[in-house]
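There are 4 protein chains.
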Amino acid sequence: MTSDLSLENPDLVKDGDRVLLYLDPRRTWLVQASIESPQFHTHAGIVELSKIVGHRFGESVLTSLGERITILRPVTLDYIMKSERRTQIVYPKDFSYIAARSGIRNGSKVIECGTGSGALTTYFASLVATEGLVHTFEAREDFYSIAKKNVSKSGLSQFVKFENTNLLDPSVVLRSNSYDLAVLDTGDPWLLLKIAHNALRGSGFVFCICPTTNQLETVVETMKDGLFCDVESVEIMLRQIEARAGKTRPSMRMIGHTCYIASGRKVQQENLDIENVKSS
Amino acid sequence: MTSDLSLENPDLVKDGDRVLLYLDPRRTWLVQASIESPQFHTHAGIVELSKIVGHRFGESVLTSLGERITILRPVTLDYIMKSERRTQIVYPKDFSYIAARSGIRNGSKVIECGTGSGALTTYFASLVATEGLVHTFEAREDFYSIAKKNVSKSGLSQFVKFENTNLLDPSVVLRSNSYDLAVLDTGDPWLLLKIAHNALRGSGFVFCICPTTNQLETVVETMKDGLFCDVESVEIMLRQIEARAGKTRPSMRMIGHTCYIASGRKVQQENLDIENVKSS
Amino acid sequence: MTSDLSLENPDLVKDGDRVLLYLDPRRTWLVQASIESPQFHTHAGIVELSKIVGHRFGESVLTSLGERITILRPVTLDYIMKSERRTQIVYPKDFSYIAARSGIRNGSKVIECGTGSGALTTYFASLVATEGLVHTFEAREDFYSIAKKNVSKSGLSQFVKFENTNLLDPSVVLRSNSYDLAVLDTGDPWLLLKIAHNALRGSGFVFCICPTTNQLETVVETMKDGLFCDVESVEIMLRQIEARAGKTRPSMRMIGHTCYIASGRKVQQENLDIENVKSS
Amino acid sequence: MTSDLSLENPDLVKDGDRVLLYLDPRRTWLVQASIESPQFHTHAGIVELSKIVGHRFGESVLTSLGERITILRPVTLDYIMKSERRTQIVYPKDFSYIAARSGIRNGSKVIECGTGSGALTTYFASLVATEGLVHTFEAREDFYSIAKKNVSKSGLSQFVKFENTNLLDPSVVLRSNSYDLAVLDTGDPWLLLKIAHNALRGSGFVFCICPTTNQLETVVETMKDGLFCDVESVEIMLRQIEARAGKTRPSMRMIGHTCYIASGRKVQQENLDIENVKSS
Numbered sequence: 023m024t025s026d027l028s029l030e031n032p033d034l035v036k037d038g039d040r041v042l043l044y045l046d047p048r049r050t051w052l053v054q055a056s057i058e059s060p061q062f063h064t065h066a067g068i069v070e071l072s073k074i075v076g077h078r079f080g081e082s083v084l085t086s087l088g089e090r091i092t093i094l095r096p097v098t099l100d101y102i103m104k105s106e107r108r109t110q111i112v113y114p115k116d117f118s119y120i121a122a123r124s125g126i127r128n129g130s131k132v133i134e135c136g137t138g139s140g141a142l143t144t145y146f147a148s149l150v151a152t153e154g155l156v157h158t159f160e161a162r163e164d165f166y167s168i169a170k171k172n173v174s175k176s177g178l179s180q181f182v183k184f185e186n187t188n189l190l191d192p193s194v195v196l197r198s199n200s201y202d203l204a205v206l207d208t209g210d211p212w213l214l215l216k217i218a219h220n221a222l223r224g225s226g227f228v229f230c231i232c233p234t235t236n237q238l239e240t241v242v243e244t245m246k247d248g249l250f251c252d253v254e255s256v257e258i259m260l261r262q263i264e265a266r267a268g269k270t271r272p273s274m275r276m277i278g279h280t281c282y283i284a285s286g287r288k289v290q291q292e293n294l295d296i297e298n299v300k301s302s
Numbered sequence: 023m024t025s026d027l028s029l030e031n032p033d034l035v036k037d038g039d040r041v042l043l044y045l046d047p048r049r050t051w052l053v054q055a056s057i058e059s060p061q062f063h064t065h066a067g068i069v070e071l072s073k074i075v076g077h078r079f080g081e082s083v084l085t086s087l088g089e090r091i092t093i094l095r096p097v098t099l100d101y102i103m104k105s106e107r108r109t110q111i112v113y114p115k116d117f118s119y120i121a122a123r124s125g126i127r128n129g130s131k132v133i134e135c136g137t138g139s140g141a142l143t144t145y146f147a148s149l150v151a152t153e154g155l156v157h158t159f160e161a162r163e164d165f166y167s168i169a170k171k172n173v174s175k176s177g178l179s180q181f182v183k184f185e186n187t188n189l190l191d192p193s194v195v196l197r198s199n200s201y202d203l204a205v206l207d208t209g210d211p212w213l214l215l216k217i218a219h220n221a222l223r224g225s226g227f228v229f230c231i232c233p234t235t236n237q238l239e240t241v242v243e244t245m246k247d248g249l250f251c252d253v254e255s256v257e258i259m260l261r262q263i264e265a266r267a268g269k270t271r272p273s274m275r276m277i278g279h280t281c282y283i284a285s286g287r288k289v290q291q292e293n294l295d296i297e298n299v300k301s302s
Numbered sequence: 023m024t025s026d027l028s029l030e031n032p033d034l035v036k037d038g039d040r041v042l043l044y045l046d047p048r049r050t051w052l053v054q055a056s057i058e059s060p061q062f063h064t065h066a067g068i069v070e071l072s073k074i075v076g077h078r079f080g081e082s083v084l085t086s087l088g089e090r091i092t093i094l095r096p097v098t099l100d101y102i103m104k105s106e107r108r109t110q111i112v113y114p115k116d117f118s119y120i121a122a123r124s125g126i127r128n129g130s131k132v133i134e135c136g137t138g139s140g141a142l143t144t145y146f147a148s149l150v151a152t153e154g155l156v157h158t159f160e161a162r163e164d165f166y167s168i169a170k171k172n173v174s175k176s177g178l179s180q181f182v183k184f185e186n187t188n189l190l191d192p193s194v195v196l197r198s199n200s201y202d203l204a205v206l207d208t209g210d211p212w213l214l215l216k217i218a219h220n221a222l223r224g225s226g227f228v229f230c231i232c233p234t235t236n237q238l239e240t241v242v243e244t245m246k247d248g249l250f251c252d253v254e255s256v257e258i259m260l261r262q263i264e265a266r267a268g269k270t271r272p273s274m275r276m277i278g279h280t281c282y283i284a285s286g287r288k289v290q291q292e293n294l295d296i297e298n299v300k301s302s
Numbered sequence: 023m024t025s026d027l028s029l030e031n032p033d034l035v036k037d038g039d040r041v042l043l044y045l046d047p048r049r050t051w052l053v054q055a056s057i058e059s060p061q062f063h064t065h066a067g068i069v070e071l072s073k074i075v076g077h078r079f080g081e082s083v084l085t086s087l088g089e090r091i092t093i094l095r096p097v098t099l100d101y102i103m104k105s106e107r108r109t110q111i112v113y114p115k116d117f118s119y120i121a122a123r124s125g126i127r128n129g130s131k132v133i134e135c136g137t138g139s140g141a142l143t144t145y146f147a148s149l150v151a152t153e154g155l156v157h158t159f160e161a162r163e164d165f166y167s168i169a170k171k172n173v174s175k176s177g178l179s180q181f182v183k184f185e186n187t188n189l190l191d192p193s194v195v196l197r198s199n200s201y202d203l204a205v206l207d208t209g210d211p212w213l214l215l216k217i218a219h220n221a222l223r224g225s226g227f228v229f230c231i232c233p234t235t236n237q238l239e240t241v242v243e244t245m246k247d248g249l250f251c252d253v254e255s256v257e258i259m260l261r262q263i264e265a266r267a268g269k270t271r272p273s274m275r276m277i278g279h280t281c282y283i284a285s286g287r288k289v290q291q292e293n294l295d296i297e298n299v300k301s302s
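Protein chains in written order, with our numbering: chain A, 23 to 302; chain B, 23 to 302; chain C, 23 to 302; chain D, 23 to 302.
Check each hint, because a few of them may be wrong.
Note that identical chains are pooled: a pair holds if it fits in a single copy or bridges any two copies.
[Unchecked claim] Okay, derived cross-link-like pairs now, DSSO-like style, lysine-lysine, Cα gap no bigger than 27 Å in a straight line:
no., residue 1, residue 2
1, K269, K216
2, K36, K175
3, K246, K104
4, K269, K183
5, K269, K171
6, K175, K73
No wet-lab data here; the hints were simulated from the structure.
Please build the complete structure, drawing on both the sequences and the hints.
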């Protein structure tokens with residue numbers, strides 16, 4: 023097994039590849055495999071990272087203590103779950119629903135505020151590649167820097183435009199009628215609805231991530247003020263199930279709440295000849 | 023507003039475009055706008071479909087009864103929710119989670135069995151486009167035909183390869199080590215795990231959609247037999263929230279259960295030099 | 023089998039007894055068995071109510087169409103679920119939790135406002151009997167009359183004191199420091215907290231039933247103003263499970279929300295020598 | 023404030039009374055107040071237990087560090103939550119539902135197997151007092167002893183008959199047709215269904231507490247074999263809500279699962295003249 027071979031076989035770990043080492047569901051490590059890598063120390067023994075190069079993804083290696091570790095190809099979610107965080111990230115159950123409801127895909131243009139740790143940014147960048155863009159705003163410099171690093175590690179930087187500024191800042195100029203989706207994840211998303219509305223294409227989606235019922239109520243009421251239609255709010259709960267022969271049961275541990283998600287679709291108000299509309 | 027203009031402006035409804043007419047959350051219609059379209063009759067009055075051409079997406083028109091209807095650009099999920107069904111579809115909360123966990127995106131190769139009504143097929147086709155493929159198997163001829171029609175309406179047929187056959191049929195030959203994700207949505211998914219394992223690339227994901235705890239238990243136990251690692255099972259619950267000024271509350275209506283979702287990642291068993299492995 | 027025997031055997035249906043006829047979980051009827059009863063017509067055939075007298079509870083009879091119907095002894099919840107309703111009742115999952123958390127039992131004194139359809143009233147009357155009392159207030163005359171009838175049918179009237187008045191009415195005089203539990207089920211329970219506080223014994227429980235998050239927030243904030251301690255709020259969800267050999271699964275039908283429940287325990291403010299208390 | 027007064031006023035803490043000291047929701051202590059009590063040390067300072075005697079329930083005292091602690095009258099649930107445990111207890115959300123569904127109250131006769139830590143035993147004893155009985159079986163000597171102690175602390179021993187034996191033991195003789203409710207909380211409750219059926223009065227309730235779906239399925243299938251009707255299964259989820267002005271949200275911490283609850287009502291099989299019954 024040489025790195026020459028690996029160039030021809032995408033299933034071989036190449037020099038410099040990031041790999042996810044899997045011991046068990048709670049013990050996984052995202053590392054870089056390199057013929058020059060140092061040893062990697064775990065409680066389950068030492069892994070020779072240099073020897074991983076040339077293995078096929080999905081194969082296993084033994085640690086110095088004889089524990090079996092499987093070499094996995096990291097997918098976007100692995101990068102996200104292993105990323106550096108200073109903020110509460112949006113959870114996969116939540117950002118995946120936003121993606122499906124809004125229909126973003128290769129070529130979609132997304133605006134996001136704030137970037138936070140870049141979890142949603144990373145996932146959405148993976149979906150809009152290769153022809154779309156995630157345009158993301160983060161006012162705090164420390165979050166901005168970390169998110170940039172996180173997205174970079176996942177190899178998706180070219181599909182993200184980072185801005186270290188407040189979307190409310192008057193200096194920010196966004197192309198109007200240009201985005202397919204706006205995701206607002208700030209403490210007061212209702213303040214950004216007009217900006218999002220202007221940036222969105224007609225019928226484009228806005229999603230607001232609201233930890234509290236108060237934020238949800240305010241943002242939904244504001245959305246219903248004529249800027250957006252098809253306004254809906256959901257809460258998504260995920261429970262692990264421990265499936266085992268003869269003793270299957272839901273997990274006792276569960277995250278009780280992450281956020282509510284409010285969404286709407288942009289109503290174009292120009293050219294609207296409805297003076298005589300019935301009040302709905 | 024002429025159709026000439028609309029060719030240059032993607033935000034204008036063009037002759038032949040499918041549009042989603044939105045009256046309120048429970049009353050939406052997916053129709054084709056055409057200068058030759060007939061009138062469209064609803065309980066809220068008549069909509070002149072021919073006059074929709076040239077409007078901007080997000081604009082509203084009035085019905086003959088003066089009700090305001092907004093013209094929305096359908097996204098993939100709208101096509102799915104309006105598709106013809108003979109089977110229980112996989113729900114957005116579930117297929118979106120599968121997409122996020124497995125990391126599929128432009129270029130990914132997915133194998134699906136069975137196609138059912140094509141809901142998951144459609145969404146995954148939208149994500150793997152333009153360079154990937156969803157290869158889907160459905161033994162029942164009637165489901166196969168409907169799913170094909172449903173995917174076609176959403177304009178994604180070129181990213182789906184349909185087969186009207188049982189994946190277990192010995193005549194089916196799948197390229198091994200080629201797919202990033204296998205989704206098994208049949209009554210006895212454990213019977214397909216070896217076929218899925220062979221088709222998947224090393225470390226690729228299998229997902230099994232299990233309405234019952236018995237299916238979940240059997241398939242998880244079979245997955246753990248050495249073919250897959252990182253095996254986990256989840257249940258996702260979605261609740262609508264009725265957010266209104268001063269009286270926000272969860273909806274009393276809720277779907278209590280759709281399915282459990284079990285997943286694992288392919289372990290490559292060849293070249294595995296672990297005779298002396300500790301039993302884990 | 024004669025009614026003479028039944029006097030000596032509490033397991034025999036006596037003349038005049040109410041019985042619950044059980045065909046299947048969705049088809050049950052609460053009727054009065056009497057040797058003079060007319061025939062009882064159901065979709066599953068005719069039941070001769072007169073012949074039920076003298077049967078043992080738990081035995082079955084056949085309808086004229088040969089369907090088997092089991093004779094059940096109604097328990098309090100059966101009376102509640104079969105009672106006449108003009109209001110949304112408090113659900114068993116919710117009122118049973120209130121009962122357990124507050125510890126009411128034989129001898130407890132409960133104040134309730136409003137009575138509504140009397141569901142909670144009935145259950146709590148069954149628990150405080152034979153030495154306690156549920157003192158319940160209902161401003162609306164129609165609800166008051168129905169609730170009275172409902173409680174009467176369940177044979178618990180002697181443990182309930184009904185008042186057809188608004189608890190806020192200045193003419194209402196409640197003994198102070200006398201009740202173990204106050205249950206507030208009105209649109210604006212915070213208005214009643216001082217009255218409830220005064221009526222409760224020291225350390226007694228108040229429970230507020232809040233359909234909306236707004237009510238919950240207001241009442242909890244008011245409770246925390248020094249009148250109550252150990253303030254907590256919960257939401258209880260109940261899901262039916264369809265357990266069947268080889269195909270066990272949660273029910274697809276589920277009630278997504280009934281109410282939030284807020285509770286606290288009365289702090290006695292008199293004689294409180296804590297001028298120099300640290301702010302908590 | 024003297025103990026003479028307290029004899030006449032049930033709201034005064036008497037010498038020897040158990041009291042629940044409340045600092046905040048996570049810091050409460052169940053102690054005995056006595057004029058001879060030693061000091062009670064907490065992280066929030068020292069409490070002079072001897073000085074609590076003569077205070078009114080609901081009043082507060084200050085610790086040596088000036089923290090305010092409220093003196094609460096323990097209710098049954100407080101005893102349960104503070105009891106010594108060697109087993110997983112049945113949770114209040116679950117045992118309260120069993121109580122409400124089965125309708126037990128003063129005078130009811132309950133059979134329980136096994137006793138475990140006595141949580142359900144304690145609550146049900148409080149409900150059946152003063153004329154009923156909880157007859158409880160526990161095979162393990164250590165659990166039996168702890169449960170006895172726990173029930174004794176709550177002052178309810180006279181309403182419980184403890185047996186340190188296996189209900190399956192042939193030496194156990196139960197009066198037939200005598201109990202209103204049987205609660206089975208063992209690993210294989212289906213083995214006890216015939217015994218429970220025989221002990222129950224006609225139409226009496228059996229409840230089985232099942233942590234796993236497998237237990238649930240087996241016990242429900244066995245119940246449906248003709249011994250019981252009105253068989254149903256539920257799962258109850260409880261979520262804390264953090265209600266605060268302007269930032270109300272469900273708690274992020276949640277217990278994802280405790281148990282499933284299966285129930286049925288005894289069908290009397292004797293005297294059943296239904297040879298020609300339609301198969302249902």
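To see whether the hints hold, each was checked on the structure:
no., hint, in the structure
1, K269 <-> K216, "between (53 Å within a copy, 24 Å between copies)"
2, K36 <-> K175, "within (16 Å within a copy, 42 Å between copies)"
3, K246 <-> K104, "between (38 Å within a copy, 24 Å between copies)"
4, K269 <-> K183, "neither (49 Å within a copy, 32 Å between copies)"
5, K269 <-> K171, "neither (43 Å within a copy, 32 Å between copies)"
6, K175 <-> K73, "within (22 Å within a copy, 50 Å between copies)"
This entry does not satisfy hints 4 and 5, going by the numbered hints stated previously.
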